[in-house]
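Undergrad: The primary structure of each chain is shown beneath.
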Amino acid sequence: MSANPAILPRRGGVAGALSDAFWRHPGLLLFLMLTPPVLWLGIIYLGSLFALLAQSFFSIDEFSGLVQYEFTLKTYGELLRAQNLDVIVRTVVMAAIVTLAAAAVAFPIAYFAARYAKGKWKAFFYLAVMLPLWSSYLVKVYAWKLILAKEGILNWLLAKLHLTWLLEAWLSLPIVGGNSLSFSYTGTFLVFLYVWLPFMILPLQAALERVPGNLVEASSDLGAAPATTFRHVIFPLALPGLVAGSIFTFSLTLGDYIIPQIVGTSRLFIGQAVYAHQGTAGNIPLAAAFTVVPIVVMGFYLWGAKRLGAFDAM
Amino acid sequence: MRADRNERAPLPLTIAAAAGLLFLHLPILLIFVYAFTTEDKSYAWPPPGFTTKWFAVTWNRPDVWEALTLSVKVASISTAVALVLGTLCAAAVSRTKFFGRETISLLVILPIALPGIITGIALRSAFSLAEIPFSTWTIVLGHATFCVVVVYNNAVARFRRTSASLIEASMDLGADGFQTFRYVILPNIGTALLAGGMLAFALSFDEVIVTTFTAGQQATLPIWMLEELVRPRQRPVTNVVAMVVVIVTFLPILAAFYLTRDGDQIAGAGK
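Chains as they are written, first to last, in this note's numbering: chain A, 1 to 314; chain B, 1 to 271.
Hints were generated in silico from the structure; no laboratory data involved. Backbone N, C-alpha and C fix where the C-beta goes; we use that ideal spot for every residue, glycine too. Honestly, I wouldn't trust all of these hints.
[As the list claims (entries may be wrong)] Simulated DEER-style distance windows between Cβ atoms: (1) B/V57 / A/G279: 31 to 37 Å; (2) B/R231 / A/T228: 53 to 59 Å; (3) A/G27 / B/P133: 37 to 43 Å; (4) A/G27 / B/F32: 52 to 58 Å; (5) A/R231 / B/P133: 55 to 61 Å; (6) A/L73 / B/L11: 54 to 60 Å; (7) A/A225 / B/Y258: 38 to 44 Å; (8) A/I97 / B/L11: 27 to 33 Å; (9) A/Q68 / B/E131: 30 to 36 Å; (10) A/A224 / B/K73: 57 to 63 Å; (11) B/E131 / A/L73: 49 to 55 Å; (12) A/G27 / B/L166: 39 to 45 Å.
Based on the provided sequences and hints, a complete structural model is requested.
TA: Pasting the structure below:
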């Protein structure tokens with residue numbers, strides 16, 4: 001019986017030598033694996049991001065319209081002008097309302113899917129959320145343009161139900177109203193809610209799946225009404241998922257510029273302001289300063305979310 | 001949450017959940033009806049009649065074909081780049097612990113966590129600073145950057161479930177690093193990569209916000225749609241294109257779902 005040698009001879013050939021080298025020096029392999037993605041993301045993405053942020057500290061000459069490459073905080077001061085502040089407040093309020101509404105609509109779906117759907121139904125619910133999530137963003141916006149159009153299905157339905165007066169009453173309200181649904185904040189809100197809703201359902205469902213069923217039963221055994229159980233048991237346990245979902249709905253609404261452009265009033269949102277300033281106006285510094293707003297808002301939001309433990313629920 | 005007994009859901013909850021799902025799906029179904037309408041001037045409902053002639057009209061439109069070709073080209077190249085970069089990153093992060101590991105994961109997720117408009121305008125101003133003219137490649141550069149995360153998420157999840165002892169066993173049995181990769185690692189992560197690649201393709205195929213900043217004069221299919229949305233010229237053609245886009249994006253999603261179904265990771269959780 002001949003024993004194999006414990007230490008094999010080195011492998012021949014380039015591939016063999018390389019393979020041995022990687023085995024002996026795992027750090028080398030790690031370095032080679034990390035270099036391409038880090039270079040790509042570091043140079044292309046972070047590089048351009050920092051170049052953009054740096055430009056927010058420049059200003060634009062009001063007479064010549066040329067960018068002055070000197071450090072200044074003047075551009076940030078311009079953000080505080082009434083018209084620009086309006087844009088920021090409008091966007092943040094819209095993002096907050098969309099987030100709250102998305103939480104309210106998403107909860108029953110997520111709760112049903114997590115607690116009562118089994119087997120086939122579970123897969124059905126999963127796909128039913130996944131397909132709208134991944135289907136084309138523009139097609140979804142387009143679908144709402146069809147729905148909200150004056151001659152569209154919603155007005156037709158309301159007319160059939162003899163509820164047109166209700167819509168008219170709603171549209172005559174200040175702020176939320178307007179000429180028609182496609183030219184009002186209500187329309188913008190509906191489309192935002194629709195497009196970002198799946199992003200709320202998924203993390204919420206993930207959090208609800210982890211709520212032990214016997215806790216709910218124990219709560220009702222101890223005499224709590226369903227509402228009390230919800231308030232004191234389910235809601236606190238689902239909160240991290242809710243916050244995780246709200247990160248998506250909030251951040252996506254903050255940065256979107258296409259939906260308010262297609263459905264809504266002519267008043268600008270942050271994304272549209274950025275687009276307008278960098279495009280025709282050529283005011284890159286102000287556009288860059290505007291993009292800092294969502295970054296800062298999201299920074300605070302993520303910091304708060306982390307404290308609530310939302311990242312474990314993603 | 002799992003109850004031990006078979007419970008029935010309370011009726012109000014069932015109604016609310018069903019209403020929510022209808023809210024998610026009816027608008028998309030509406031697209032299918034509008035693709036067949038005979039009305040070509042407005043979005044009138046109910047459709048006055050049904051016809052399939054708009055499919056032929058769309059088929060003969062060169063601008064639609066050009067946009068489609070460009071979209072497929074951009075999505076394919078971006079997916080290929082994202083597959084390589086995402087897999088490398090996932091392998092490095094999941095196999096070893098090293099300094100800055102958390103930073104790397106953050107770096108990968110950042111392009112999708114920050115609003116797309118920031119990525120878009122940052123790239124655009126970088127291109128103009130570096131005097132790079134807009135081309136298909138500038139679009140690819142942007143798309144590949146945010147597609148990496150989808151591949152990365154799928155691959156990381158699979159690496160986590162693949163036992164490291166398999167790799168050690170392969171090495172012990174005398175395979176070199178490349179053989180181990182070819183015969184042990186690749187078959188194990190293959191379906192995850194396929195799923196990640198399909199999702200990356202769908203993501204790139206559908207992207208509009210970053211693309212508006214990096215495309216110059218060229219139009220991908222979403223850019224074409226956006227122009228039709230802002231200034232409608234031929235509504236019936238847009239209806240047909242919208243329906244085709246829905247069908248084309250559904251197929252990879254369904255496929256990705258079946259490929260990662262038994263996994264612990266939700267295929268699209270990182271979008």
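Undergrad: All the hints need checking, so say for each whether the structure fits it.
TA: Going down the list of hints, with the structure as the test:
1. B/V57 / A/G279: 31 to 37 Å: holds, 33 Å
2. B/R231 / A/T228: 53 to 59 Å: holds, 55 Å
3. A/G27 / B/P133: 37 to 43 Å: The hinted range 37 to 43 Å holds for A/G27 and B/P133, with Cβ atoms some 40 Å apart.
4. A/G27 / B/F32: 52 to 58 Å: Roughly 55 Å apart at Cβ, these two residues keep to the hinted range, so it holds.
5. A/R231 / B/P133: 55 to 61 Å: holds, 60 Å
6. A/L73 / B/L11: 54 to 60 Å: Taking Cβ atoms as reference, A/L73 and B/L11 lie about 59 Å apart, which means the hint holds.
7. A/A225 / B/Y258: 38 to 44 Å: Given about 42 Å between the Cβ atoms, the range holds.
8. A/I97 / B/L11: 27 to 33 Å: holds, 29 Å
9. A/Q68 / B/E131: 30 to 36 Å: Violated, since A/Q68 and B/E131 (Cβ atoms, about 20 Å apart) do not stay within the stated range.
10. A/A224 / B/K73: 57 to 63 Å: Holds - the Cβ-Cβ distance for A/A224 and B/K73, about 59 Å, lies within 57 to 63 Å.
11. B/E131 / A/L73: 49 to 55 Å: violated, 28 Å
12. A/G27 / B/L166: 39 to 45 Å: violated, 22 Å
Of the numbered hints listed earlier, those contradicted by the structure are 9, 11 and 12.
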